[in-house]
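Based on the hints, put chain B with the ligand in the right spot on chain A.
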Amino acid sequence: MMKEYWQEELEVSSRSSLEKLQIERLNKTIEYAIQSPYYNKLFNKKGISPGSIKNIAQIQDLPFTTKQDLRNNFPYGFLTLPKKEIIRLHSSSGTTGNPTVIFHNRHDINSWANLMARSLFCAGVRDTDVFQNISGYGLFTGGLGFQYGIEALGCLSIPAGAGNSKRQIKLMQDYGTTVAHAIPSYLGRLYEVFEQENLDPKKNTQLHTLVIGAEPHTEEQRQRIEAMFGVKAYNSFGLSEMNGPGVAFECTYQSGLHIWEDAFYVEIIDPETLQPVPDGEYGELVMTTLDREAMPLIRYRTRDITRIIPGKCKCGRVHRRIDRITGRTDDMFIIKGCNVFPMQIEGVLLKIPEVGSDYLITLETVNDVDEMVVEVEVKPNWFSGDIRKLDQLTKQITTQIRDEVLAKPIVKLVEKGSIPRAEGKAVRVADKRNNGLK
Amino acid sequence: MAYEVSIFLENKIGHFERITQILKKNEINIRTMSINDTSNGWGILNLLVNNPQKAYKALEAEGVSVALKEIIALEMKDESGGLHDLLLKVAQAKVNFNNANGRIIQETKSAILILDVPDIADSQKKLMENGLQILDDEKIYGN
Ligand SMILES: [Zn+2]
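Line order of the protein sequences matches chains A and B.
Here numbering that gives the first Met the number 0 is used: position 298 in the first sequence is 297, and no number is missing along the way.
Here numbering that gives the first Met the number 0 is used: position 88 in the second sequence is 87, and no number is missing along the way.
Just chain A, with the same shape it has in the complex:
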């Protein structure tokens, strides 16, 4: 019979056996963590000891770890083992303050490579594939993280690195690349180069699968990429604090990303109250490593906003699915007592064909009341000269945003080009309220 899962016993077991494994591994993780200077001090103060976790809900008694904690204890404060045992580090650029650095021993690297292989297998990649990794190698985890996973899976790997589109295309043609990994925004540029060279990736390559990740993107962007290349594109999620790629991955049903719960304990919390939110509701993703020795992290606040997709996936895996990342807690604002993420508003607007995806949220105080003004550009080709249609459109957008974020906005239609375009990350929220944020 054809192999359906990379590790059947771990992927399609039962929730109860998965939970048993989580308790076992959490205790082991605490055992490792307590050997690091940071957790040693913290756990002793709070009376946390290895073996104290009897049921998994007790994880909520453990303290959170933040990015600031990592920075404050740079570089070795979280290290559990002597440097002799450590074989690799990955680090963020650290443009603001200390970089975030993660250390791995041999066990960690093998475990990561296995998760990465499992992820790719789950998206339909097989050892017969030729895998071109269009990703920066070096301190960035997308290069080596994928590389080790591709090798563990057994594909022919092409460590192409990032950029140089003409060379990427040549590699694809010379070696018959069937799978490629890249960030979604790069694939648009790559396609343009295909066109300049009078080539069509659908006809002139053997690609059947793309893996996209490392930057937030919408379902619409994914579909555009799939149409351009005539392939399936699967969403990959990871963050360097949790190794890098291989944390959560889409299976061939493309209905959310399975997050590997034997390796990570997953919580979704309200970033304000720090209390767990029910499945299906958006909140901040909090993760605990369950299989990392050199640098375990307990209840790490990722600042990424997502939700657990309720229900079982058709593929049969017991690992729950998270939704695509809709933003970061840093972007969140509170208006009329509601937590709002700009990506929620963007999601509403993207579904309305009459408006463009450019928008601007201004928070301002009008007659002592805080208001959320949402400016939206009307698409010129939709405009019919009928004032009532525009009024209806304003009402429709107002209702749909209110239904999504629970706070009623003031919607203002504006001309195309009114909202300043930003290079790279667009500024979506301007806070002009008397009291500032919150």
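Treat the hints as calculated values from the structure; they're not laboratory data.
Take these hints with a grain of salt, some might be off.
Derived DSS-like pairs (lysine-lysine); straight-line CA-CA distance at most 27 angstroms [as the list claims (entries may be wrong)]: (1) 378/A to 53/B; (2) 415/A to 124/B; (3) 388/A to 124/B; (4) 68/B to 388/A.
Only chain B with the ligand this time, still in chain A's reference frame:
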């Protein structure tokens, strides 16, 4: 068929001027204009011009939200009570309109009333049945 050029316009300094600038550059003459203002920070500018298709293309090319809107034009006497007499007949024909504006034609000492109606074909039929003459394009645009 006669057309007005409808433009989505924010109530901001310089936005109207940008439109007239584009029209001037393309040598388009504005015959009449009206603005449907709203309290939402925007309005719709309706222009009767000598060449609606050309105006539409020029504005569209500049990224303006513009539409060609079919209108009905009726002739009226340029004398006191002329408008009243005409509107009475329009009402008798049971024709509703969203917006109206007029222009005077110097050489014939007459005036035209421009109606923006929800249903063009139906309104045209009713007006003609009530003995009102619908003007042809040339007379409306005044080329
Ligand atoms: Zn699945």
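- [ ] Sort out whether residue 124/B lies within 27 angstroms of residue 388/A, counting only the CA atoms.
- [x] Holds, at about 25 angstroms.
Task: Restraint status (C-alpha distance of residue 378/A to residue 53/B at most 27 angstroms) - done: OK: residue 378/A and residue 53/B at ~21 angstroms, within 27 angstroms.
- [ ] Take a quick look at whether residue 68/B and residue 388/A sit within 27 angstroms of each other, Cα to Cα.
- [x] holds (14 angstroms)
Open item on the list: Checking one constraint from the list: CA of residue 415/A to CA of residue 124/B, max 27 angstroms. Satisfied?
Closed with: Given that 27 angstroms is the threshold and the Cα spacing comes to 38 angstroms, the pair is violated.
In the structure shown, a violation is registered for the earlier hint numbered 2 alone.
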